[in-house]
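Chemist: Got chain A sorted already, so can you dock chain B onto it with the hints?
Protein sequences, first through last, are from chains A and B. First residue of the first sequence: 1, per our numbering; consecutive thereafter. First residue of the second sequence: 1, per our numbering; consecutive thereafter.
Mixed in with the good hints there might be a few duds.
A pair holds if it fits inside one copy or across any two, identical chains being indistinguishable in the list.
[As the list claims (entries may be wrong)] Only pairs whose alpha carbons sit at most 20 Å apart, straight line, appear in this in silico SDA-like list of lysine to any residue:
no., residue 1, residue 2
1, K304, Q154
2, K304, A106
3, K304, N111
4, K30, A62
5, K3, E307
6, K30, K204
Quick caveat, the hints were computed from the structure, so don't treat them as lab data.
Residue-level listing of the chains:
2 protein chains.
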Amino acid sequence: MKKVDILISEVGPRDGLQSLAGIMPTAAKKQWINALAAAGIQEIEVGSFVPASVLPQLADTAELVAYGRTIAGLQIAVLVPNLRGAQGAIAAGAHKISIPLSVSEAHSLRNVKRTHAQMLDEIAAIAELVQAQPSATRPYFEVGLSTAFGCSLQGPVPELLVVQLAEAALKAGCDEVGLSDTTGSANPVQLRRLITQVWSAVGKDKLCGVHLHNTRGQGLANALAAIEMGITTVDASMGGIGGCPAAPGASGNIVTEDLVFLLEAMGLETGINFEALCAARAVFADAMPGTELYGFTPLAGLPKGFEIN
Amino acid sequence: MKKVDILISEVGPRDGLQSLAGIMPTAAKKQWINALAAAGIQEIEVGSFVPASVLPQLADTAELVAYGRTIAGLQIAVLVPNLRGAQGAIAAGAHKISIPLSVSEAHSLRNVKRTHAQMLDEIAAIAELVQAQPSATRPYFEVGLSTAFGCSLQGPVPELLVVQLAEAALKAGCDEVGLSDTTGSANPVQLRRLITQVWSAVGKDKLCGVHLHNTRGQGLANALAAIEMGITTVDASMGGIGGCPAAPGASGNIVTEDLVFLLEAMGLETGINFEALCAARAVFADAMPGTELYGFTPLAGLPKGFEIN
Numbered sequence: 001m002k003k004v005d006i007l008i009s010e011v012g013p014r015d016g017l018q019s020l021a022g023i024m025p026t027a028a029k030k031q032w033i034n035a036l037a038a039a040g041i042q043e044i045e046v047g048s049f050v051p052a053s054v055l056p057q058l059a060d061t062a063e064l065v066a067y068g069r070t071i072a073g074l075q076i077a078v079l080v081p082n083l084r085g086a087q088g089a090i091a092a093g094a095h096k097i098s099i100p101l102s103v104s105e106a107h108s109l110r111n112v113k114r115t116h117a118q119m120l121d122e123i124a125a126i127a128e129l130v131q132a133q134p135s136a137t138r139p140y141f142e143v144g145l146s147t148a149f150g151c152s153l154q155g156p157v158p159e160l161l162v163v164q165l166a167e168a169a170l171k172a173g174c175d176e177v178g179l180s181d182t183t184g185s186a187n188p189v190q191l192r193r194l195i196t197q198v199w200s201a202v203g204k205d206k207l208c209g210v211h212l213h214n215t216r217g218q219g220l221a222n223a224l225a226a227i228e229m230g231i232t233t234v235d236a237s238m239g240g241i242g243g244c245p246a247a248p249g250a251s252g253n254i255v256t257e258d259l260v261f262l263l264e265a266m267g268l269e270t271g272i273n274f275e276a277l278c279a280a281r282a283v284f285a286d287a288m289p290g291t292e293l294y295g296f297t298p299l300a301g302l303p304k305g306f307e308i309n
Numbered sequence: 001m002k003k004v005d006i007l008i009s010e011v012g013p014r015d016g017l018q019s020l021a022g023i024m025p026t027a028a029k030k031q032w033i034n035a036l037a038a039a040g041i042q043e044i045e046v047g048s049f050v051p052a053s054v055l056p057q058l059a060d061t062a063e064l065v066a067y068g069r070t071i072a073g074l075q076i077a078v079l080v081p082n083l084r085g086a087q088g089a090i091a092a093g094a095h096k097i098s099i100p101l102s103v104s105e106a107h108s109l110r111n112v113k114r115t116h117a118q119m120l121d122e123i124a125a126i127a128e129l130v131q132a133q134p135s136a137t138r139p140y141f142e143v144g145l146s147t148a149f150g151c152s153l154q155g156p157v158p159e160l161l162v163v164q165l166a167e168a169a170l171k172a173g174c175d176e177v178g179l180s181d182t183t184g185s186a187n188p189v190q191l192r193r194l195i196t197q198v199w200s201a202v203g204k205d206k207l208c209g210v211h212l213h214n215t216r217g218q219g220l221a222n223a224l225a226a227i228e229m230g231i232t233t234v235d236a237s238m239g240g241i242g243g244c245p246a247a248p249g250a251s252g253n254i255v256t257e258d259l260v261f262l263l264e265a266m267g268l269e270t271g272i273n274f275e276a277l278c279a280a281r282a283v284f285a286d287a288m289p290g291t292e293l294y295g296f297t298p299l300a301g302l303p304k305g306f307e308i309n
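Next up, chain A with everything else stripped away, as it sits in the complex (with noise of 0.2 Å):
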């Protein structure tokens, strides 16, 4: 992969796709991730490995997994809910597998049916798993704490909670915890005293990413925080697709297009040129017809006088 500041993975084609009524044809998600893969994203988010029955939007991941494989210098992440789904990510050939370990227990179980406990021995038989692998072919784990800044369903949640958690999903064995905004409640003083908490308690090098959503529009504001902070990874949804059904107009993900526009105005590069990323956009808005798409930065054009790449 090329050197860049801030890696930008792409979670449209999870994210975004599993929230949408429609379902997107894959020789169109193929077009999709080719074009998201030529603008510069370095890694996407392809699909999640659960049973058909629960999201058939999602229901041909393995062979988008394998499709992605095959372009030069895209690294391939899928979300698994559970063992089952980690097996089939690792014979499918995915370079990253993340779960979701919901730091709401409430969420979790109605997420994936599972105690926090339940979880963790999940993790563990997945780290155990990964560990097993070939390291040529073994994928990289990570741990999504979600709802780390909140939930709708319980409200509030302790910060020491996101902190246990972190911990004991890497003592369970996984590479690397996220923070993830499911709700899209968080706050730039939350975020960074959550991220320096975790910190503190697994090291810097244990909590490189964060997930947030642009529910209530803080999405960027948290971005800015977080990579301000030290944070390299941040997750984006082109068009920032998804979002929640209990909230119509509220947008999933943050807009990747306008996150672009915003690390590369201040001088972090990320690898990606907005044109092409704008043709990718295009790709996807032919191929879904009816979806709402947002960010800002699309419609108005870069600056006069401003470059990317």
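Modeler: Here is chain B on its own, set in the frame of chain A:
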């Protein structure tokens, strides 16, 4: 006025409405201003003293100033393009007068048909008029350095020129300067650098406010950078109304509703009640159906368990 950490100056009735094709009836504007004040907004820019032939949307500004003055604790601000506008503003009883001084001379010539030198003469004449008022009714006089972060006509603007114009405007007799990202080009690094430079030249008490546009979705990230440096007044527009006719879908000012959530979540008091603010949004929406309203927090609601005021 109630003591707040950050003063949100609501510019929707001026900067928002001037960009809309439709004209909001005066009675509805009064209802909206009243609802905004009831929500805890302490400063509202109610209009501009420009000829009705230029901006028919704002032809009732004098009446709105008079109305706004009847609301206890509310600071009534207006924009003026020249001395004649300032005369109208003072006659109407505005508490605060702002005049734009475009750092981009190309923009200045397009916007107010005057060079920098001509604008500085105008500012000196207004300052003289302001100083001649009895102290009890003397308005506060601010110069807004527009296009301070870049211009859609000329591209980048020299930072030294921003500093020089800030000094010149203060020398010409205004009370304070503000920095305006008229075209939504700013980024947090540039914003901090420019604020530091202007403060260094004119003193921190002579630059307290920023006017940020969300044209490229960077508004709240820039607001975060500004307030954490010590900027204490932030302009915002309800529903982000306004925007640039040349960039469809690119919103105008930063969204008041999302800004309030950002600040209050960070523990900074704005004095604004969020539910009442949403009620003011409804007043606007009822009066101006079909106007695209931005902002995510009103749709998502506050996070579960989150309290403002």
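Chemist: If a hint holds in the structure, say so; if it does not, say that too.
Modeler: Against the structure, the hints:
| no. | hint | verdict |
| --- | --- | --- |
| 1 | K304 <-> Q154 | between (46 Å within a copy, 7 Å between copies) |
| 2 | K304 <-> A106 | between (49 Å within a copy, 14 Å between copies) |
| 3 | K304 <-> N111 | between (45 Å within a copy, 18 Å between copies) |
| 4 | K30 <-> A62 | within (12 Å within a copy, 59 Å between copies) |
| 5 | K3 <-> E307 | within (19 Å within a copy, 43 Å between copies) |
| 6 | K30 <-> K204 | neither (35 Å within a copy, 54 Å between copies) |
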